[in-house]
Structure formats: C-alpha cells, structure tokens
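Student: The listed protein sequences derive, respectively, from chains A and B.
Using my numbering, the final residue of the first sequence is 248, and nothing's skipped along the way.
Using my numbering, the final residue of the second sequence is 494, and nothing's skipped along the way.
No wet-lab data here; the hints were simulated from the structure.
Note that the structure is predicted; figures quoted are calculated from it, not measured.
Yeah, the Cβ is synthetic: ideal placement off N, Cα and C, and Gly gets one too.
Among the clues, some could well be false.
Coverage of chain A stretches by chain B, computed from C-beta distances (three or more under 8 Å per stretch; other residues unrestricted) [stated by the list, open to error]:
no., stretch
1, 84-91
2, 102-116
Cross-link-like lysine-lysine pairs, in silico, DSBU-like; alpha carbons within 30 Å at most [claimed, not checked]:
no., chain 1, residue 1, chain 2, residue 2
3, B, K287, B, K269
4, A, K74, A, K5
5, B, K269, A, K69
6, B, K255, A, K75
7, A, K35, A, K18
8, B, K287, A, K78
Among the chain B residues that face chain A by a calculated CB cut under 7 Å, a handful are [as the list claims (entries may be wrong)]:
no., residue
9, D364
10, A365
11, T411
12, L488
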Amino acid sequence: MITVKNISKSFSGVEVLKDISFVFEKGKTNLIIGKSGSGKSVLTKCIVGLLEPDIGDVYFDDIKFSSLKPKETKKVRKEIGMLFQGSALFDSLSVEENVAFPLRMFTSMSEEEVIERVNFCLQRVNILNKNSMYPSDISGGMQKRVAIARAISMKPKYLFCDEPNSGLDPVTAIIIDELIHEITKEYQMTTIVITHDMNSVLEIGENILFIDGGVKKWEGNKEEILDVKVKELYDFVYVSKFLQKMKK
Amino acid sequence: MIGNLGKYMFMLYHIFFKPEKFSVYWRRFLDEVIQLGVKSLFIVSLMSAFMGAVLVIQTATAIESAWIPDYTVGFTVKQSMLLEFCPTIISLILAGKVGSNIASELGSMRVTEQIDALEVMGVNSIGYLIGPKILAALFIFPIVIMYSMFFGFFGGGLVCYFTEIIPVKQYLLGIRTFSEDNFVFIRYALTKTIVFAFIITSISSYYGYYLKGGALEVGKASTNAVVYSSVFILFANYILTQLLLI
C-alpha cells in the first residue's frame with residue numbers, strides 16, 4: 001500500500017500539485033487519470049522520489065519515504081519497479097542484459113540463476129527467443145513488455161507504469177493493460193498506472209484517482225466512473241461523441 | 249554561472265560514492281576504455297602520422313641551410329610532437345570525437361528517461377554512468393597519446409624515406425638527440441594529457457547529464473561539450489606549460 005498525504009509541488013511559483021491525498025491499495029491496479037498537464041507524472045515522480053514535494057508525505061506501507069536518509073531510500077527503491085512512457089530500456093544493452101541489469105547490480109545471484117530469472121520474466125511477458133536482440137530491433141509493444149519484465153525481475157512490492165500504452169495500437173494496448181493487471185494480482189503488488197486512455201480505465205481501473213489542474217477531483221473505480229457527476233471528469237470520460245450518444 | 253559550477257561540483261562529488269557492485273562498474277570501465285580509447289586509435293594514428301609528415305616537410309623547407317645540420321629536422325619534429333602536437337592537438341581532436349559522443353549519449357539517456365530508470369532502481373546514476381568514463385579516460389588517454397607520438401615520428405620517417413627530403417638516418421638521429429630530456433618532456437606531455445582527459449570527460453558528461461529538453465537540446469549539448477572542453481583545454485595548456493616547463 002502507498003499513501004500520499006497532502007502533497008503539493010510548485011515549479012517557478014506555478015503550483016502543479018495542490019494538497020493531494022490518496023491511498024493506493026495493495027493487490028489492486030490503481031490508476032491516476034487526468035488530462036495532459038494535469039500533474040499525473042509530477043505526482044508519480046514525487047511518489048518515487050525523482051522529485052521532492054514542497055509539502056506532504058509519501059508512505060510505502062508504514063515507511064515514511066519522504067524523510068528517509070539516502071541509504072534507506074535505496075532500500076525502498078529496490079522494491080520499486082517502474083515502466084516508463086518510452087520504456088526507458090538501455091540502448092546499449094540487449095533484451096537479456098536489460099532484464100538482468102537490476103539482478104546483476106543488486107543481488108548476489110550466480111550467472112545461471114540470473115539467466116534463469118531473466119528467462120522466467122521474459123516468458124511471463126510472452127517475449128520468447130529475443131534475448132540477444134537490442135531494444136532498437138524490437139517493436140514498441142515488445143519494448144514495453146521487456147520493460148515490464150525488467151520491472152518485475154526483482155520481485156518488486158510496488159509497480160509504477162507511466163502511460164504504459166501510449167504509442168501502441170489498441171490491441172497491443174489492451175494486451176499490455178491485461179498483463180499489468182495479471183501481474184499485479186499474481187504478485188500482490190501495489191500497482192500505480194498513469195493514463196489518460198479511457199480503454200485502460202474501463203479495463204483495469206480498480207481504484208482510480210482523477211486529477212485536474214493539480215487538484216484531486218474524484219476517486220472511485222471503473223464501475224462508478226460511468227455515472228460520475230463531477231463536471232471535469234464527466235467531460236474527460238465523455239469526450240467522444242460516440243460515448244456521449246451511448247450515455248444518452 | 250555559479251549555479252552551473254555548483255552542479256558540476258555536485259556531479260564530481262557523486263562520482264566518488266561507493267559503487268553498488270564493483271564487478272558491474274569494472275565491466276563499465278572496460279567498456280569505456282574500448283569506447284573512448286581503443287575506438288579512437290584509428291583517427292589518432294591517421295592524424296598523428298600526417299602531422300609528423302607535414303612537420304618534417306615544413307621544417308626541412310624552412311631551415312634549408314648548409315649551416316644547419318639535417319638532424320635538426322628530426323629534433324624539431326620530436327620537440328613539437330612531444331610537447332604540443334600530441335598532447336594538445338590530439339586532445340582537442342578527442343574533445344571533438346569523445347566529448348560529443350559522451351554528451352549525446354548521456355543527453356539521449358536523459359531524454360528517453362533511462363537516467364530516471366537508473367535512479368528509480370536505486371542506482372547512483374552519476375557514479376554508474378560518468379565515473380567509469382572519467383576513470384577510463386584518465387587511464388587510456390595517456391596510452392593513446394604515447395601511441396600518437398609513435399605514429400607522429402613514424403609519419404615523419406615515412407616522408408623522409410619516400411621523398412628523401414632529409415636522410416632517414418639524420419631524421420632518426422634528430423629524434424634521438426638530447427634524449428636525456430625526453431623523460432621530462434614525456435612526463436610533461438602525459439601530465440597535460442591526464443588533465444585534458446579529465447576536462448573532456450567531466451565537461452562533456454556535465455552537458456549531457458543535466459540536459460533538459462529534446463533532440464534539439466541533445467545537439468546543443470554536444471556542441472557545448474566540444475566548445476567548452478576545447479576552451480578549457482587551451483586555458484589548462486597555457487597554465488600547465490607555465491607551471492611545468494618554466
């Protein structure tokens with residue numbers, strides 16, 4: 001479980017996040033949704049410690065992450081897996097080396113154990129026989145899956161996915177969403193997915209936080225979101241004429 | 249200006265943090281030795297050989313006199329190559345090749361969130377990415393410069409052999425003349441090279457690592473890396489010459 005309490009963040013006097021509090025539940029696919037520029041990515045970066053919030057605290061289970069010393073922060077970070085918007089695979093490393101990277105860096109596993117774990121993770125995300133290929137040699141969808149394999153290689157307790165299906169076709173996007181959802185259930189992780197894709201919201205949104213202009217406007221789940229009364233969220237959900245007609 | 253200096257010092261401070269795993273960093277160091285040093289050998293040997301060759305022709309033409317012995321050409325080539333051409337000119341060339349490579353590599357990693365990925369994993373990204381580059385350059389650049397000296401003399405020798413502008417024997421005699429000072433000159437050249445290696449890798453890394461923006465900024469970072477590395481090499485060259493030779 002990850003808890004954020006009263007998070008605020010400004011850049012050059014412009015308040016990007018305003019007093020956001022929320023509980024991201026364990027074993028569930030938690031979604032942060034909102035328009036572009038609403039503060040979703042900034043909130044995530046504050047949670048994982050890439051940015052320091054001006055006010056507020058972040059708790060990983062019972063650990064107050066925002067007040068940890070650098071050494072203790074590293075311990076928590078080893079329990080975090082993150083899937084970036086552009087996959088963020090290391091260009092100079094092969095698929096196998098990318099997935100093995102955290103294992104080689106942080107564990108004392110033997111080379112055989114590392115390869116065994118890498119193959120297991122790659123099989124779990126349905127990437128077969130691509131171990132020696134480089135990120136530039138595989139498709140965007142495959143890159144995302146390799147990035148998921150890298151994120152889960154250390155058996156993390158917390159998984160962050162920043163717009164995991166951006167730039168993917170709808171079929172691949174659903175496959176990636178389902179994969180994230182399945183892995184969350186399988187390993188009982190606290191997963192946070194940032195998205196503005198309504199397909200994802202309706203497919204995997206078990207616990208949803210809606211942000212608009214840096215302010216929390218709504219929280220709920222995929223069943224509740226279709227009957228929402230909050231104007232900003234209603235406009236977000238029913239932006240397409242097709243959905244508007246369906247609603248009527 | 250002060251902000252940039254502060255960030256640069258912050259970067260240097262983080263390089264010396266204890267590595268997460270020594271074996272991974274050692275592999276990175278070896279990779280960088282190949283990337284920064286071994287892969288520069290071709291251009292360095294080409295440049296050095298031609299510099300040596302041209303220097304022989306220019307010197308021989310300039311001092312064509314019955315009163316000046318032929319071996320003076322070899323001696324002049326040796327002094328020029330040891331003291332200035334190999335350590336400084338080759339370092340400036342390396343600033344262009346290696347500096348732009350480092351800045352664009354780190355800049356692209358920043359833009360594509362690969363550096364963020366390292367940080368989220370709990371890796372000291374500065375130590376992991378920049379530390380091995382600086383150490384590899386400090387180790388391999390002096391070797392590259394020694395290699396460059398050899399090819400410079402070799403290029404000069406080839407010109408003597410094929411054009412007979414001066415006899416090869418006289419050229420080699422010139423190279424060997426006052427050889428008791430060679431150790432001092434080589435030490436001076438290598439000291440300069442180590443300082444230049446640090447300047448090139450640290451400044452280029454700084455511009456790449458702290459890049460903000462997209463592809464356009466990657467190009468600008470590469471240019472800045474080369475320009476500032478070159479300017480600082482020239483300053484350092486003057487100061488070191490003043491300190492070490494006078």
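Student: All hints, please: hold or fail.
Tutor: Verification of the supplied hints:
With 7 residues carrying a beta carbon less than 8 Å from a beta carbon of chain B, the stretch 84-91 of chain A meets the three-residue requirement, and the given coverage holds. Coverage of a stretch by a chain is defined here by at least three residues with a beta carbon nearer than 8 Å to that chain's beta carbons; for the stretch 102-116 of chain A and chain B the count is 4, and the condition holds. Under the criterion of a C-alpha separation no larger than 30 Å, the hint pairing K287(B) with K269(B) is consistent with the structure, at around 26 Å. Among the hinted pairs, K74(A) with K5(A) is consistent with the structure: their alpha-carbon atoms are about 21 Å apart, no more than 30 Å.
For the proposed pair K269(B) and K69(A), the alpha carbon gap of about 20 Å is at most 30 Å, so the pair holds. For the given pair, K255(B) sits about 26 Å from K75(A) by alpha-carbon distance, which is consistent with the 30 Å threshold. Straight-line distance between C-alpha atoms of K35(A) and K18(A) comes to about 16 Å, which keeps the hinted pair within the 30 Å bound. The hinted pair formed by K287(B) and K78(A) fails the criterion: a straight-line CA distance of about 35 Å is larger than 30 Å.
Given the 7 Å rule on beta carbons, the hint for D364(B) holds: about 6 Å separates it from the nearest Cβ of chain A. Taken as an interface hint, A365(B) checks out: its beta carbon lies about 4 Å from the nearest beta carbon of chain A, inside 7 Å. With its C-beta approaching chain A no nearer than about 45 Å, T411(B) sits outside the 7 Å limit, and its interface hint is violated. Because the smallest distance between the Cβ of L488(B) and any Cβ of chain A comes to about 34 Å, over 7 Å, the interface hint for this residue is violated.
Violated hints, in rising order: 8, 11 and 12; the structure is consistent with all others.
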